[in-house]
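Going down the list, the sequences are from chains W and S.
Letter by letter, the first sequence follows residues 58 to 170 in the numbering used here.
Letter by letter, the second sequence follows residues 560 to 977 in the numbering used here.
It should be emphasised that the hints constitute simulated quantities derived from the structure, not laboratory data.
If you're wondering where the values come from, they're calculated on a predicted model, not measured in any experiment.
Any given hint could be a false lead.
[To be verified] Residues from chain W shown here face chain S by an in silico Cβ test under 8 Å; the list is partial: (1) E67; (2) R110; (3) T122; (4) K133; (5) S140.
[Unchecked claim] Dumping the calculated EDC-like pairs for lysine to aspartate or glutamate here, alpha-carbon to alpha-carbon at most 16 Å: (6) K108/W with E851/S; (7) K111/W with E121/W; (8) K870/S with E854/S; (9) K133/W with E636/S; (10) K111/W with E818/S; (11) K819/S with D127/W; (12) K756/S with E860/S; (13) K870/S with E674/S; (14) K108/W with E637/S; (15) K133/W with E637/S.
We treat Cβ as the ideally placed atom computed from N, Cα and C, and that holds for glycine.
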Amino acid sequence: MTRKEKTQSEKLRSWGFLLLGFICIGLFISVISPWIQSHIPLFNQIAQISKERKINPAAYFYSETQASYDSESYIKAAIEMESPDQVRLTLPLAAGVFLFFMILWVGYKLLPP
Amino acid sequence: MSAITNWRNIHLKNSTLKDDIQIEAYNEIGYLMILSVVFALLFGVGIVFMGGGILPFLKGFGFIFGLALVAYVCAAEETVKYYGIGYAPLAIFIGLLISNTVGTPKWAKPAVQTEHYIKTGLVLLGSKILIEKIIVIGMPGVFVAWVVTPIVWLTTYWFGQKVLKIASKRLNATICSYMSVCGVSAAIATAEACRAKDEELTLTVGMSQIFTSIMSFALPLFIITFFPPDSQMILGGAWVGGTVDSTGSVVAAGAFLGEKALYVAATIKMVQNLMIGIIAFFVAVYFTTKVESAETGHKAEISEIWYRFPKFVLGFMASSFFFSGCYIYFDNQVSGMGNSMVTYGVVEGMSDLLRGWFFCLSFISIGLSVNFSSLRKLFAGGEPLKLYIFGQSLNLGLTLLVAYIMFYLIFPNITAII
Numbered sequence: 058m059t060r061k062e063k064t065q066s067e068k069l070r071s072w073g074f075l076l077l078g079f080i081c082i083g084l085f086i087s088v089i090s091p092w093i094q095s096h097i098p099l100f101n102q103i104a105q106i107s108k109e110r111k112i113n114p115a116a117y118f119y120s121e122t123q124a125s126y127d128s129e130s131y132i133k134a135a136i137e138m139e140s141p142d143q144v145r146l147t148l149p150l151a152a153g154v155f156l157f158f159m160i161l162w163v164g165y166k167l168l169p170p
Numbered sequence: 560m561s562a563i564t565n566w567r568n569i570h571l572k573n574s575t576l577k578d579d580i581q582i583e584a585y586n587e588i589g590y591l592m593i594l595s596v597v598f599a600l601l602f603g604v605g606i607v608f609m610g611g612g613i614l615p616f617l618k619g620f621g622f623i624f625g626l627a628l629v630a631y632v633c634a635a636e637e638t639v640k641y642y643g644i645g646y647a648p649l650a651i652f653i654g655l656l657i658s659n660t661v662g663t664p665k666w667a668k669p670a671v672q673t674e675h676y677i678k679t680g681l682v683l684l685g686s687k688i689l690i691e692k693i694i695v696i697g698m699p700g701v702f703v704a705w706v707v708t709p710i711v712w713l714t715t716y717w718f719g720q721k722v723l724k725i726a727s728k729r730l731n732a733t734i735c736s737y738m739s740v741c742g743v744s745a746a747i748a749t750a751e752a753c754r755a756k757d758e759e760l761t762l763t764v765g766m767s768q769i770f771t772s773i774m775s776f777a778l779p780l781f782i783i784t785f786f787p788p789d790s791q792m793i794l795g796g797a798w799v800g801g802t803v804d805s806t807g808s809v810v811a812a813g814a815f816l817g818e819k820a821l822y823v824a825a826t827i828k829m830v831q832n833l834m835i836g837i838i839a840f841f842v843a844v845y846f847t848t849k850v851e852s853a854e855t856g857h858k859a860e861i862s863e864i865w866y867r868f869p870k871f872v873l874g875f876m877a878s879s880f881f882f883s884g885c886y887i888y889f890d891n892q893v894s895g896m897g898n899s900m901v902t903y904g905v906v907e908g909m910s911d912l913l914r915g916w917f918f919c920l921s922f923i924s925i926g927l928s929v930n931f932s933s934l935r936k937l938f939a940g941g942e943p944l945k946l947y948i949f950g951q952s953l954n955l956g957l958t959l960l961v962a963y964i965m966f967y968l969i970f971p972n973i974t975a976i977i
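With the rest of the complex left out, here is chain S:
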């Protein structure tokens, strides 16, 4: 077994070295220009249907696309990547920098269409929520990912409302989702589901990213220092997978701990990612039926609830069900075909690429429409920070406890197999 492991490690190192010496310069500017035209026309159609002017939109879109490109280039820098800092916080920061110094140019404002970009990206995100993947790691995965998370979400939300008395319920909900589910994707879906303000999403992503970067190496350090060696892989991996917010950071931290820790951490995180749609649906229902009714002072009729309900959530769920159905159908025809057709074909081949760009465009738009003074007001008293710390502490404790119970007390056979 160790001979096979050694051979594989040498093979991996050699293939990496080959890639390093075969780097060639390439020019993507032409393709990027074509891409910007395609996106401009795609979103332009939506603008026309929404009653907006297409020419002002097209005039400003190049500027938004250019800034998104700058964010992507900065995020591609290796050292920045290792901190787990992706295009999202960089795009927000670039947008904030422009809007709070020279100001967003008037001719670019028609193209600042945060909701349009973000909702299109969210429907595409639904195609990745392949329900079948929930069974991959069996019962322990379901309990660590799907039972701990809603408990943490609900407790943290209650704490934010009853103890900290955070004025903005929407900020409260967005932070809960970022911290307990899976980072940026969950925060975006929740923010749109409860119609959070751009400032609230900005604050959530900016504040939480710092903790994600710290946890991505602090947690592995804690595990190798304090965990018994025989539980560092499975228990440590499950703990990292259930608590570190960003998927990339989970994978990196798991890889540091070891091969099995990587497998367990990445799988737990994947199972957690599947929950985004349901959490977004729950938040949409809760805010539409309870919060907005309380804010307006009267109980809403069914028609009014339907009118207020964020319809993109239905598109998200429909996309998820459709592609999950396709995955199961293809897999039943030929084993592994579901993966080839849906995961590698639709998701990796189309959805990932487009969704990344759409989210980047939306974060640039968010940054361009937010000002620092509104961010300062939201952060006043440090309540969002206290909320995050409380929620993450609860998440760390509860995930560790449930992971230990599931992997070592109730299902030790699964732990032994892994």
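For reference, chain W alone in the conformation it holds in the complex:
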């Protein structure tokens, strides 16, 4: 094989692998993942609930899912009604936050450089 033919065959092989990769993505999306979902009952149930409740299981942050806001409203309202001092910046809560910073400070001092 000449150098030019070798380079061309390498290029063709690269494009072949790229196409194969995209085919694999397509297969995973359209065949493999639905198959897994239908064969693991619990996973299927979670998927159905996510669909009904319009939950995005792929959300990365709390603000990307409405359920976070609903949860926040519910919890805050429930605790505020019965025990309003628990949802203010109280001394115990501030102590908890202070403990967080203390743990980080101790970690900074003790971690290996």
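Put chain S on the given structure of chain W with help from the hints.
Just chain S now, kept in the frame of chain W:
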């Protein structure tokens, strides 16, 4: 009460059915083209200030944007979403596929600007860190989210350095953040704070995503099998919220367990999300003052520390403080106005959309600049995997213990209220 619950469930089902039959085809191509031009100009300005050529950048940006669009389309597929697989691992995989087969085109390379996209997205992420939300679930939430997490982070980091002897401290720190804080967002912030390599972030996101997908249904299964029925909601919800890495998976798993489990899990995760900025700041300070000093062999002067300090962390914190201040100010004027103006207005209306695109562009860029051989070298011996398993096991055990103590022994009144 059960009549109200039944009515609400029927109402929810009916509204979902209405949406299903009202689906119409739509064409967003025009808007997407306009969006790509806007982003190209926005980032192009930054490229000019950094001394780069704007024309080569603009030439390659369309390619990067197109790939980001492909990642978003694949991530929007329903079944993929249920696995908790978002645009991040898909964007990395698409980029890796191209760079390791035909190679990243030379004309597209000026637009492969990982840091530029990621740091812009991170400053926007700061606007979501609304400090006021830390009080939502009271003391139990603070202890489960803000006390367990740093203990797990620090112990896992120490384990990685002293026991596993992982060569890359930055990989170690990035895995710790992904696993103990809140997944992809925390990993990105930490990776940039400690200047981790693209390969290290790629390995962290790719490896950890698999565990997140498994835990999102394995944990609820464990809870319904082994937890007493009266503790499945609150204790189970707190456990899921404090341990499952991705927020979406937490919400889905919580919803499966029940309404109250969903509320507790989502709230605990939200309180955990608020920690990202502080952890990133801690990592930046630790790496700048200790690790880099040890690597260079001399103690750094203040000016040198300032020079090396990743400035985006300050932008992140400033954004967080500014919008938190706005939230508190508006809420004091009219109750609920903080939510309307900041949460629904700024965060949902602008920050979420832009940040998602910027992160997707950065993950595409990461994939396009990483090759498989460097990933193989990083994974050699399986140390990152062992680190993740150790850290997550510690996280599971400690979160369960602290959640039980806080919700059932110290604050049973809050548990009863919820």
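Taking 16 Å as the top limit, are the C-alpha atoms of K111/W and E121/W close enough?
holds (12 Å)
Given E67/W as an interface hint, is the shortest Cβ-Cβ distance to chain S below 8 Å?
violated (10 Å)
16 Å Cα cutoff - pair K870/S, E674/S:
Measuring from Cα to Cα gives roughly 12 Å; hence the hint holds.
Is the Cα-Cα distance between K108/W and E851/S 16 Å or less?
violated (48 Å)
Run the distance test for K819/S versus D127/W: straight-line Cα separation, threshold 16 Å.
Roughly 11 Å separates the two Cα atoms, so the pair holds.
Hint validation: K133/W versus chain S, beta carbon distance must be below 8 Å. Holds or violated?
Since the shortest Cβ distance to chain S is 5 Å, the answer is holds.
Straight-line alpha-carbon gap K756/S to E860/S, limit 16 Å:
violated (25 Å)
Restraint outcome when R110/W is required to lie within 8 Å of chain S by C-beta distance
holds (5 Å)
Can we keep the S140/W interface hint, with Cβ of chain S closer than 8 Å?
holds (6 Å)
Would the pair K870/S and E854/S pass a check requiring their Cα atoms to be no farther apart than 16 Å?
Violated, because 21 Å separates the two Cα atoms, which is more than 16 Å.
Please work out if K108/W and E637/S have their alpha carbons no farther apart than 16 Å.
Holds - the C-alpha atoms of E637/S and K108/W are around 9 Å apart, at most 16 Å.
Given the hinted pair K111/W and E818/S, is their alpha-carbon gap at most 16 Å?
holds (14 Å)
Violated hints, listed in ascending order, are 1, 6, 8, 9, 12 and 15; each of the other numbered hints is respected by the structure.
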